[in-house]
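Engineer: Given next are the chains, with one letter for each unit.
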Amino acid sequence: MTRAVLIMGVSLAALACGGSDTESDQSSTGGAAGSATATGSPGAMGNGTITGTIRFTGTPPANPAIDMQDEETCAAKHAGGATDPQVVVNDGNLANAFVYVREGLPSGATYTAPSTPVVIDQDGCLYTPRVIGVMAGQPVEIRNSDNLLHNVKSTPQENRSFNRSQPTSAVVLTQTFTSPEIMVPLECNVHSWMKGFVGVTAHPFHAVSGEDGTFTIGSLPPGTYTIEAWHEALGTRTATVTVPADGSVSTEITFAPAA
Amino acid sequence: MIEAGRSRVSRVQLTIALATCLAAVPGAVLSQEHAGKPVYDKWCAGCHGATGAGDGAAAAFMLPPPRDFTRASYQIRTTATGQLPTDEDLRRVIDEGMPGTAMPGWRGRITSRERDDVIAYLKTFSRFFSGDAPPPVDIGRAPGGGGDAVESGRQVYEQMECWKCHGQQGRGDGASAPTLADDWDAPIRAADLSESWHFNGGSTVEQIYTRLRTGLDGTPMPTFSDAVDAGLITDEQLWHLAYYVRSLSPSPDRAPAVREVVRAARVDDGALPSQPADSAWLNVEAFYIPLVGQIILKPRAFAPTVDGVWVKAVHDGTRLAVRLAWHDPSRSPDPVWDEWLGRMRGLLTDVDGAMPSQQGPDYLVVQFPTSLDEGAERPFFLGGSTRRPAYAWRWTSDPDRLEEGALTGLGSWAPRAGAGEVSHVAAFADGEWALQIVRPLVPADTAGAPTFVAGRAIPMAFYAADGSNGEDAMRGSVSAWYAIYLDVPVSGGVYLAPLSTMLLTAGLGLVLVRQAQRRDRGSARSTSEES
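Quick mapping for you: the protein sequence lines, in order, are chains A and B.
For reference, each letter of the first sequence is one residue, going 1 to 259 in our numbering.
For reference, each letter of the second sequence is one residue, going 1001 to 1531 in our numbering.
In case anyone wonders, no lab produced these hints; they're calculated from the structure.
Incorrect hints may appear among the rest.
If we take Cβ atoms under 10 Å as the criterion, some of the chain A residues that face chain B in the derived model are [said to hold, decoys possible]:
id: 1; residue: F162
id: 2; residue: T168
id: 3; residue: V190
We put the beta carbon where it would ideally sit given N, CA and C, even for glycine.
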């Protein structure tokens, strides 16, 4: 009953907004992303694709400058001075948004985590890429191209916290997250400005918007999905899309400056 | 809406799951949790909060804050980073407390059974506690700290860049130190590795090595196991690092002995050291005076920086030289510590008026009674009072100035007219202030200033403040009254008296023997004449 009312509500909202994105009024939690973790049948893969662009309207906030004078190796990698790329907008397109399927997958479907790690590097005392997505159980490989002391600390809510040192590039860390969580933060205490984000989902249907704001989520079975875009400084937006059996649907999700 | 619906479902599921659990677990565990609750509520909740979230009534006055049990993230473990602690790990902290924090040891305060019950109960605060306890990290055996172990450890300290937080001399003054925060965003100090008696997890080499292996979860201190696993350093080198860290403290296994009286040795006339780095100080005995936060008069200091002063003193019969050394990671004011001060202001509850928004100077105050006349009472240890002022030397870091004056209560200050007899030299390096102060034993004006006489204990007390930590003339660290004793000059007569006695005795003996021999010879001669 509740669900029926809800679906109606979502549909109405979607209609009211011209079928495009709706602003989420709730903060993302691992619970939402974890809706598919319940034991059940293996989730089907398909040939459908969501392609999209994350847009940004208005004037993007200025990214804060970083004082790297105590870390010359890193400072040297930022000609003209380092800034913390919290909001990256190119021609109205927003990078570093984590996009994932929040709702619409078959209830109880489970997906096998790939054993291929997703790599995140530390380069110029910044996480590169700044935002990654993995499946719960999939390894994250953390590298250190700076070849100086970083520590990689995380204080998630749904997963266990950890704090590992990485004194040189010879130490490569592998970390897995057992529970879905939007998002797991990474930080370095030697360089307090360093922030990275890992989106952990229960399924493989996630992506991160590139420098041009685009993203692609493939291998989806046909169906109607609620996708959510998360951004570290701008919050979340959702959109509802219907994926055809063998083809793609395109969508656009628009962020505005944080209030 | 959907969330409400979901949570209702999950609550039902939770209830069913809980019921299943309750049916499955042994009754003993349940009763232990049950028994732990009243113990926890009585002894622990005041700081850690009724729900274990670290938000008890007293938490607002504590830095480091009381542990939040809901995340099950614990500093002192024998398990790998990210793992739960073992029951023994929890038990150790409860038994022995956390040195350098407000957490006392509970052995002897509550029974062993109650402590076990509390462990069972506090595990209920976090859903992460389930299933089997994780295995402790195998730390093997200490290879021994002989030979070049300490030097090897020093190299590992360099290579692992421990100094970035802990500083070159380990005093917690590294470049990253002002920015450090714990997992709850509270400002946290990089540990002063030269004060092993404050190590949360204990100061034995095995305990230090274990911390290097496991990290201190919830703090910026990471595990260094990965460096060993990757072959960057050997396990033995990590042990050497532990030996090196241990070597940084004056007496590795215990806090320095606190003695009531600082001894000022007598040196040759005019042989006083010229500055705090003078090599003449090297052979002078150092006395440790512990300092604690001033929490009697408002505004109070609940999380002061300075926790002790090392005092050395000598005199040459006309002047007294005192060398004071204390650890403070910042030479205040220093712009790199602005962020720290801002975070301190944000964290500590404004109970006594807001903390200064700008960094003030560092302070060091040494106070004495104004007079040492027989029967004179010592002034109130917190800067005296109007009725009984204290005579003091007050040094500030910015400007670098030492004044002589009178205190009529902490925070008050009346410079002494015509002063100028007291000289000083201050130096800051690697998270330590060293300050030398020299004053004639007999002041030109004895009104309001004590004459330092040799051969008796002269009361002396200390106050220190770290401007970068929001401290000032009231918010700071204080000591109780201690004393300084100037060695009495040894007069020549002390040696002459026994010597002359010896000579006199020997001379008298000689005379007696001679006389006796003469008598013997005389009687022998008369005997032969008779025969």
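Engineer: Each hint needs a verdict: does it hold in this structure or not?
Structural biologist: Cross-check of the supplied hints:
no. : hint : result
1   : F162 : holds, 4 Å
2   : T168 : holds, 6 Å
3   : V190 : holds, 5 Å
Hint compliance for this structure: no hint is broken.
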